[in-house]
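Peer 1: What follows is each chain in one-letter form.
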Amino acid sequence: MITLGDYLIVSGTLFAIGFAGVMLRRNLIIVLMSLELMLNAANLSLVAFSRFRVQPDGLPDYNAQVFVFFIITVAAAEVAVGLAILVALFRARQTTDVKDISSLKF
Amino acid sequence: MPPFLFWTFALLMLIFGGAVIVNRNPVASALSLVVSFLGLAALFMSLDAYFVGIIQVLVYAGAVMVLFLFIIMLLNLRAEEERQINWLTAAGGIAVALILLIQIFFVVGRFRDARQTFPPLARSTTDDVWNIGALLFSNYNLPFQIIGILVLIATIGVVLLSRREPR
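These protein sequence lines map, in sequence, to chains A and B. This note's numbering puts the first residue of the first sequence at 1, with every later residue one more than the last. This note's numbering puts the first residue of the second sequence at 1, with every later residue one more than the last.
All the given hints hold, so there is nothing to weed out.
Restraint-style ranges between C-beta atoms, simulated for each label pair:
hint	chain 1	residue 1	chain 2	residue 2	range
1	B	W7	A	F106	45 to 53 Å
2	B	V96	A	P56	41 to 49 Å
3	B	W7	A	G58	26 to 34 Å
Covered by chain A, per the in silico footprint, the following chain B stretches (three or more residues, Cβ under 8 Å):
hint	region
4	8-20
5	24-33
6	97-104
7	150-164
Please keep in mind that the hints were generated in silico from the structure rather than gathered at the bench. C-beta atoms are modelled at their ideal positions from N, C-alpha and C, and glycine is treated no differently.
This is chain B alone, in the form it adopts within the complex (with noise of 0.2 Å):
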């Protein structure tokens, strides 16, 4: 992928990011994130992740973003009124994440290989989901159905708990 493109995308990604947790409004915090996801999809189709890319779209801009935005309209939220910030704590939420921003850019510069680019395929690959799939059904057979117990007790939990109480 041009190096234009990348910067294109993973800026897109990152200032819709930061419109997610800006926004006053939660129906604009929810389509900033959409738009998040798409960039972030985009990057992973740059790294030759085409199945997950479709995943993250699918998933995440699908059904996830739609879920999410249900529950606003469901609940009708309202942009929070302005309360009194209290900007001691705001100051330290803001501190620690810097801290932990700067640490990363740290941790990254001291890493030898993140100044190498990423060496050619042997091919472009367009079968990844086949290769996946073998993986998951063959190395990773048991978690892949363990991770189907999980989803069915998410189902029953998430059921249970939106159920009225019997009175």
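Pulled out of the complex, with its shape left as it was, chain A reads as follows (with noise of 0.2 Å):
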């Protein structure tokens, strides 16, 4: 039988594997595509909880899921904001490399 156990590693697997995307890739949209992985891992062991925790009438735990739906909607204005300051960046210094945008860097 599957366990919770089960679904809390396969989210912290994918977890994981967007925290390595943020540290290693340089290209900017790589790394808006892991951040994605991670908030989806994150919305995996919310559901994985909500399902756990039946509560006395026999149905899961709807306020986790009230709470994924949130992040989502969230998410999705995350990744507009983050492209739109992308293509504002492309248009200004031609590149979409994190190790060519160092102004700011100390």
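Fit chain to chain and form the complex, with the hints in mind.
Peer 2: In structure tokens:
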């Protein structure tokens, strides 16, 4: 049988993959995609806990699923703003490589 | 859900999630991300969260990925050229991610509830849209309106950011 731990381990592995993407890749678009992976890993563990904590009336805990709904909304807004910043940056510098964007580096 | 299907979709999601960060071509990364999100939506459905699964497909595989692909093709990004890889930085990044993964495994291994299976539901629910909606408009009414304002601000910000400077 599938246990809660299986879902948590799959979610944690997905989070680690997204984290490695943010740490390793230099293309800003890939960094944004890795951020999406990490947000979705958090969503998976939230939904797993929602299903695990069955309420006295025999339904899953829908509070967690409302929270997932909010996370998806904020993530969509974040992608839109991030990509708009990317386009503005590309217009100014003709690059999407994080190594070429170091004006603010101390 | 049978364990076979769970591991199929979980492995599909993880392999294509890895392909997102391994691929050099941004278009291939974006398409791998779509497959990864479809696997994740299947996992949501296996947890009886049909609404969240369908939202996942609509919002991510539909809207967000079209946005990513549109930007990649608009900027005409090619596969990035082979640069000299700084092996020290790469090893450091992989090491930090591995330490995080080991820590997650350790915490889940120590977590007592993690070894229990999911308790059965009273009835098989397909009206979770109704339940989430009722909760959204009663208990979470104020956060819902704040999210609406946030999306409005994001829309205005995107329009301002992508406007050309008037000269």
